[in-house]
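Take the sequences, apply the hints, and build the full model.
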Amino acid sequence: MTSGNATLAFRTGKKGDALIVAVRCQGPGTIKATVRSVHVSFSLDCPVGQVSTTYNQVGIGRVDRGGVVSVEAPAAVRWSVTIGRGAPAEEESPTAAPESP
712 MTSGNATLAF
722 RTGKKGDALI
732 VAVRCQGPGT
742 IKATVRSVHV
752 SFSLDCPVGQ
762 VSTTYNQVGI
772 GRVDRGGVVS
782 VEAPAAVRWS
792 VTIGRGAPAE
802 EESPTAAPES
812 P
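Residue numbers (this note's numbering): 712 to 812.
One or more of the hints may lead you astray.
[To be verified] Cut-off 20 Å, straight-line C-alpha distance, at most; resulting in silico cross-link-like pairs (SDA-like, lysine to any residue): (1) K726 / E801; (2) K725 / G795; (3) K725 / S754; (4) K726 / V749; (5) K725 / N767; (6) K726 / P785; (7) K743 / M712; (8) K725 / R747; (9) K726 / M712; (10) K725 / P799; (11) K726 / R747; (12) K726 / G777; (13) K726 / G772; (14) K743 / S754; (15) K743 / N767; (16) K725 / P785.
In short, the hints are calculated from the structure, not lab data.
Shown next, in the form of structure tokens:
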């Protein structure tokens, strides 16, 4: 795990694959990850004393290109990022909530 701000490069992928970015952190604080090449960013709250994880899959145009993931984090937050490629996951169908009696 690391702390503070950093930028990590990723290589090109196969056309049709999704870009997968998984982030883990431990606080206190919030981190922000940005993938500028596809105009995607997300934040993750990092609790004290436990690890928080988020898994994001980007399946839009241009994700087959290489790029960078930039992470902005306070010095007190420890974090790690895993960047990968893979077949896009199928979307789950919404399920109806059971009716109340």
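So, going through the hints one by one against the coordinates:
Only pairs whose Cα atoms come within 20 Å are accepted, and K726 paired with E801 is accepted, the gap being roughly 17 Å. A hinted pair counts as satisfied when its Cα atoms are at most 20 Å apart, and K725 with G795 qualifies at roughly 11 Å. For the hint linking K725 to S754, the alpha-carbon distance of about 27 Å lies beyond 20 Å, and the restraint is violated. As the CA atoms of K726 and V749 are separated by approximately 14 Å, the hinted pair is consistent with the 20 Å bound.
Among the hinted pairs, K725 with N767 is consistent with the structure: their alpha-carbon atoms are about 18 Å apart, no more than 20 Å. A threshold of 20 Å between alpha carbons decides the hint, and for K726 with P785 the separation of about 35 Å lies outside it, so the pair is violated. Between the alpha carbons of K743 and M712 the distance comes to roughly 16 Å, so the proposed pair stays at or under 20 Å and holds. Proximity of K725 to R747 is assessed by CA-CA distance (about 19 Å); at most 20 Å being required, the pair is judged to hold.
A C-alpha spacing of about 31 Å is found between K726 and M712, which places the hinted pair above 20 Å, so the restraint is violated. About 12 Å separates the Cα atoms of K725 and P799, which keeps this hinted pair within 20 Å; it holds. A hinted pair counts as satisfied when its Cα atoms are at most 20 Å apart, and K726 with R747 qualifies at roughly 18 Å. Of the pairs offered as hints, the one joining K726 and G777 holds, with about 12 Å between alpha carbons and a cut-off of 20 Å not exceeded.
For the hint pairing K726 with G772, the CA-to-CA distance comes to about 9 Å; that is within 20 Å, so the pair holds. Distance hint between K743 and S754 is fulfilled; the C-alpha atoms sit about 4 Å from each other, no more than 20 Å. A C-alpha spacing of about 13 Å is found between K743 and N767, which places the hinted pair at or below 20 Å, so the restraint holds. Restraint check for K725 and P785: not satisfied, since their Cα atoms lie roughly 34 Å apart, outside the 20 Å limit.
Checked against the numbered hints above, the structure breaks hints 3, 6, 9 and 16 and satisfies the rest.
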